[in-house]
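Each chain, written out:
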Amino acid sequence: MITAVRPDRRGRSGAGGGAPAAPGGAPGPGGRRRRTLDRLRRGGLPYLFLLPALVMELLVHIVPMLVGIAMSFKELTRFFISDWSGAPWAGLDNYRFVVDVNRPVGAALLQSFGITCAFTVLAVGLCWLLGAAAAILMQDPFRGRGGLRALFLTPYALPVYASVIIWAFMFQHDNGLVNHVLHDQLGLTDQPSFWLIGDNSFAALVIVSVWRTWPFAFLILMAGLQTIPRELYEASAIDGAGVWRQIRHITMPSLLPVNQVLVLVLFLWTFNDFNVPYVLFGRSAPSAGDLISVHIYQASFVTWNFGTGSAMSVLLLAFLLVVTGLYLPLTSRTRRRRGHDARVS
Amino acid sequence: MRESHRRAQPHRRAQARARVRARVRAGRRSGRSPTAPPRSFVWTRRVVLSLLAVFAAVPVYAMLTSSLKPLEDVTGQFRWWPSELTIRPYIDIWHTVPLARYFLNSIIVAGAATGLSVAIAIVSAYAVSRYRFRGRRLFTVTVLSTQMFPGILFLLPLFLIYVNIGNATGIALYGSRGGLILTYLTFSLPFSIWMLVGYFDSIPRGLDEAARVDGCGPIGALLRVIVPAATPGIVAVAIYAFMTAWSEVLFASVMTNDTTRTLAVGLRGYATQNDVYWNQVMAASLVVSVPVVAGFLLLQRYLVAGLTAGAVK
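Note that the protein sequences, when read in sequence, are chains B and G.
Position one of the first sequence corresponds to residue 1419 (this note's numbering), numbered consecutively onward.
Position one of the second sequence corresponds to residue 2 (this note's numbering), numbered consecutively onward.
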């Protein structure tokens, strides 16, 4: 560490060595002023590097989000859409309106929220399970591993709309592949089922979502497996541990930190997912497959009441924040404890 | 003194590269014990992987074969194999909808968004990884938490902001490719920065400090040392950014007009009120998927290496 040898007053700006200093910049005559300038320049440098990212995030994420929150407190009906800042303030009326479960809007929102929760738990669980199974079973080389890996990753690489369109094609009632196999060829159902309307639409949604997302879990877990030192397996093999024991006592505990982030990311993506339901069902989602993002989209654009639509989005964001806020400390604690146990045993 | 440093530099760089390569190789070598696994494990592996292979392959197979079917085959009962193989759908797709224009729009939008996003992510990750400054943690936390925002929350505000910017300055963001590029580049930015910070952290600081000793400025050290050493991570981030921009539907459907429409929205054109030309839909899906799937599969090695060194640590 070259920087460590410069005990200057910049120490208060944070831990670590500060900016990598350019040695040879010893203070010459009139060095004091130059050093101040230098320090300013160097102190500002990281901010300069971050500037483009900051500007973009402000423009596309932060400011629109704040505007969205502001909109949720306004009575933003179709009469004010051309001049939204002129819309009257509504206080908490929008929120009261959308959480009132005795009225149709609130009841529909609650139902959609419940469906989304069930959908997310199922889809994330299945994605993780399939991804983990494939990654662990493919940890050792065997013939055809490379080809199989490419095949497994293909659904993830396909653009979302293309994969959803393929599934919509296969889920057709009269001419679809799924009914052809289940009804015509295997005879499992008395009648060809409807997949894109009615109760089955929930299952269709889960299947499509899992099909295109599980390879992501597979990819991340595959990368996670590569960081486990080989010596751990060799040592345990010498101690007589078989493959299954190794998976339970070495592989799974080592994957805990990866799992923590992976499950959170999968949860957020699945919960917010708009593309899959929107392309699968079009503008009118059946009530069994009415996921929250499409629900909010429809609630805003069908009634042209963007105030209540924004209120719903803000509630959704608040829910995600709370879940993430609870999830991270909770899993970190378990992880630390489990990690400790693994090391002791 | 300086001379000797300069002469030593290529050597040191080669050493550094060798070190990075050795680490990547070491990563690839890890795995379970070299002894043959027991039968129960081999059979579980066969069964589970076969089932997964069928699950993954059937839709791809359906797309491929249906894209080679004549229209009668896809308007009647499903057939596993075309009654006659035809490449007709691949010719028709270009006339039914202006697919070439959508294609061009998608390439411009996704390409520009990827280039800008990667460049911005590199300098941001460099700052976060190599400097200690006030607000560093705030920056990373804020950027990452934007991943949580439901797209639906800022769709309409963003739309209004773009319209207002257009009215105030005359820069057309709404309905233009530029607006879509700006939007998409920020979508991939949080993940890209996060992953590259992890990757840059895994590159020994001694490397860029040595470059600084040799008289490189901060930018020089970034471009000559960090970027070459982090190529797998950067490629991985670029793949991710391109795929994100190539597949986005929600913003594309609101923010584009007839001339700037991208593939994500344009593919809907094959469904008319009465008919869906499913064979053409499948052919078009295949054509728009080939660039991303091929790129992804060719470069997935980098993605795994990049994730291994960066994100999953």
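No lab work stands behind these hints: they were computed from the structure.
Quick caveat, the model's predicted, so the values are computed rather than measured.
It is possible that some hints are incorrect.
What the hints assert, rightly or not - Chain B regions said to be covered by chain G (calculated; three or more residues, Cβ under 8 Å):
#, segment
1, 1485-1493
2, 1504-1510
3, 1514-1526
4, 1535-1547
5, 1628-1639
6, 1652-1664
7, 1683-1697
Even for Gly, the Cβ is constructed at its ideal location relative to N, Cα and C.
How the hints compare with the structure:
As drawn, the segment 1485-1493 of chain B meets chain G at 3 residues by the rule of a beta-carbon pair under 8 Å; at three or more, the given contact holds. Here the segment 1504-1510 of chain B counts 0 residues with a CB under 8 Å from a CB of chain G, which misses the bar of 3, and the coverage is violated. A count of 0 residues in the segment 1514-1526 of chain B with a Cβ less than 8 Å from any Cβ of chain G is obtained; the coverage claim is therefore unmet, three being the minimum. With a threshold of 8 Å between beta carbons, the proposed coverage of the segment 1535-1547 of chain B by chain G is violated, since 0 of its residues qualify and at least three are required.
Coverage of the segment 1628-1639 of chain B by chain G holds in this model, with 4 residues showing a Cβ closer than 8 Å to a Cβ of that chain against a need of three. Interface restraint, the segment 1652-1664 of chain B with chain G: holds (7 residues with C-beta to C-beta distance below 8 Å; minimum three). Taking a C-beta to C-beta cut-off of 8 Å, the segment 1683-1697 of chain B contributes 7 residues in contact with chain G, enough for the three needed, and the coverage statement holds.
Taken one by one, the earlier hints fail for this structure at numbers 2, 3, 4, listed in ascending order.
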